[in-house]
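Undergrad: Each chain is listed here by its residues.
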Amino acid sequence: MEIVTQNNNNMLVTPPKKSLSPFAIARKKFIKNKLAMISLIFLMIVSIVSILAPFITTADITRINIGQMSLEPSAEHWLGTDKAGRDVFTRLLYGGRISLLVGVSCTLFVIALGTLVGSISGYFGGTVDSIFMRFTDFILNFPFLVFVIVLNAILYGKVNGLWVLIGTISMLSWGGIARIVRSKILAEKENEYITAAISIGCSPAKVIMKHLLPNILSTIIVQATITFATMIVAETGLSFLGFGVPQEIPSWGNMLNSANEPDVLQFKLWIWVPPALIITITILSINFIGEGLKDAFNPKSKR
Amino acid sequence: MLKYAFRRILGMIPMLLLTSIVVFSLAKLMPGDSLSGEIDPRNTNPEYIADMREKLGYNYPLPQQYFRWISGFVEGDFGKSTRFKIQVSEVIGERLPNTILLGLSAILITYILAFFMGSYAGRKPYTLMDNLIGGLNYIGLAIPSFIAGVFAIFFFSFKLGWFPSNGSVDIGVTDGTLEWWLSRFHHVFLPAVVLGLLSTASYTQFLRNDIIENSRKDYVRTARSKGTPERKIYHVHILRNSIIPLITFLGFDIVAIISGAIITETIFTYPGLGQLFLQSVGTRDYPVLMTLTMLFSFLTLIGNLVADVLYGVVDPRIRLD
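Chains A and B supply the protein sequences, listed in that same order. Position 111 of the first sequence, counting from 1, maps to 111 under this note's numbering, and the rest follow consecutively. Position 47 of the second sequence, counting from 1, maps to 47 under this note's numbering, and the rest follow consecutively.
Quick caveat, the hints were computed from the structure, so don't treat them as lab data. What you are looking at is a predicted structure, and each value in this text was computed from that prediction instead of being measured. One thing to keep in mind: the hints can contain errors.
Unchecked claim - Cut-off 30 angstroms, straight-line C-alpha distance, at most; resulting in silico cross-link-like pairs (DSS-like, lysine-lysine):
1) B:124 x A:32
2) A:294 x B:159
3) A:300 x B:217
4) A:18 x A:34
5) A:294 x A:18
6) B:3 x A:83
7) A:29 x B:124
8) B:124 x A:34
9) A:18 x A:28
10) A:294 x B:124
11) B:124 x A:300
12) B:85 x B:28
Hey, can you work out the whole structure from these sequences and the hints?
TA: This is the structure in structure tokens:
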């Protein structure tokens, strides 16, 4: 009896539990969101399997095997082979590596550039703002697909590779992020804590990095998710048209490229359906994660 | 309002000049004679090339060359196609009607579908049908247009045989007859659906959310308290207010259709400007490529301008800044 009372007393003495930080609340909400969690798990499985592709499969992806052209799915080739006799399943794994790599690196570049331009523009305002924003408008006015293809035509034969593609895609896509970050910074910098930070002598870089960016991080994270999906669409679309990842490197878009041939499209489903499905499901799951994050960061949502 | 529109148009001019400079520099970076297309790429005689370069003014300083090119461009002199051996304007003129037909049909399909789905889902939110429409929208947003196109050809052209998978009109039909028009619409339907579905999802979602938001407003409560039938409240009072913001999307449609047309026309081998664009990269027909690049950039600018001006029409507060 006595012990119990003592326990009760102890509990009364302990200070009240600290309330959760905004990110902890968001994490809790996100974990409760079933669709987003399933999508996240799916995306993680796809990424891990793609990264571990060399350890999972043993088939050679580059060698053209005339003896095994266009085989239907079997026990040996789970998803059959393509027109050059390469195993579709193996290529799907290796393709995932490239497509996800392009998606992730483009997203990182786009977010970094957009955040940099947007935060500088929003924080300083005035002339800096109008110069930066006119430049952003200028970039946004380029039809994206057209210019990537034209740049590709110019660089054809000179430099050809994955990083050129990543560079061109990133250079043409940061405008939207810059605008969003700018408007968020504009709203956030009106708060008193920013005036306080400036008054105690924080440098602009410190105010932006330490005080402003953490407070708009949720927006940036949500935008990054959406950008990631867009970048995967951009890569696969360009590769599908033959202007993306160099043909010899397998990517999901390059695999789908064979659907341009009526014969493959009509009769050799196993060659083009797997990449088409995996692209769609991946983008769908990224969108669900994005929605889940948006919901989780939104203090008004009840879920 | 006129003043606002005029200001936006004036603001567009420096953008247009800058864009033309970028396109010019890109054209200069391209191998061969990508501005006029007069030099025969198969004739590799250095004397001939030097001669032609002199004649075409390629030895002048760059700014001078730029002014020559841009003044010719404004007058409609786009140079000569190296592949077809005719004026670029003729090559483009031949294909332009196809792309316009495709674009208009796509916009029409988008608006019709989005109108019906959006207004239904907005009127009865959180019902089974609304969730179904929402689910469809999710899938619509996730499927890239090229995958949708490939699946559409596979099911509707190859498996069901309802629509042709390529071309813009049947061979051997006389121009201008009813049969000819029917054949054209038959050919344009599938690519237009694929192109139109691209923006349908976001339109539907926008309309739905706007209707839900409007239905909570005071004027709806007033209408209800007066005894206005529920049907009339939705079809007249709310719909009128919710449709207006949708108009502003029209400008972005122009932009979306340009890149959409490149992909869709290639998949459906539909002879329009998008297909011509990709072909001219493949065949290194640089004069055509550069003219189309300029044209697409110009249209994108116009699209953004239209969106801006329409915003001003819909929301008078925007005109002030």
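Undergrad: Taking only the CA atoms, is the gap from residue 18 of chain A to residue 34 of chain A under or equal to 30 angstroms?
TA: It holds: about 27 angstroms lies between the C-alpha atoms, which stays within 30 angstroms.
Undergrad: Is residue 3 of chain B within 30 angstroms of residue 83 of chain A, Cα to Cα?
TA: violated (61 angstroms)
Undergrad: Taken at face value, is the distance from the CA of residue 217 of chain B to the CA of residue 300 of chain A at most 30 angstroms?
TA: Holds, at roughly 19 angstroms.
Undergrad: Straight-line Cα separation of residue 18 of chain A and residue 28 of chain A no greater than 30 angstroms?
TA: Distance ~16 angstroms between residue 18 of chain A and residue 28 of chain A Cα, so the pair holds.
Undergrad: Would the pair residue 124 of chain B and residue 32 of chain A pass a check requiring their Cα atoms to be no farther apart than 30 angstroms?
TA: Roughly 27 angstroms between the alpha carbons, so the hint for residue 124 of chain B and residue 32 of chain A holds.
Undergrad: Would the hint linking residue 124 of chain B and residue 34 of chain A be met if the CA-CA limit is 30 angstroms?
TA: It holds: about 25 angstroms lies between the C-alpha atoms, which stays within 30 angstroms.
Undergrad: Do the alpha carbons of residue 294 of chain A and residue 124 of chain B lie within 30 angstroms of each other, as the hint requires?
TA: holds (24 angstroms)
Undergrad: What's the verdict on residue 29 of chain A and residue 124 of chain B, does the C-alpha distance respect the 30 angstroms limit or exceed it?
TA: Distance of about 27 angstroms is within 30 angstroms: holds.
Undergrad: Would the hint linking residue 294 of chain A and residue 18 of chain A be met if the CA-CA limit is 30 angstroms?
TA: holds (25 angstroms)
Undergrad: CA of residue 85 of chain B to CA of residue 28 of chain B, is that 30 angstroms or under?
TA: holds (21 angstroms)
Undergrad: Mind checking the alpha carbons of residue 124 of chain B and residue 300 of chain A for me, to see if they're no more than 30 angstroms apart?
TA: holds (23 angstroms)
Undergrad: Is residue 294 of chain A close enough to residue 159 of chain B, meaning Cα to Cα at most 30 angstroms?
TA: violated (41 angstroms)
Hint compliance for this structure: hints 2 and 6 are broken, all remaining hints hold.
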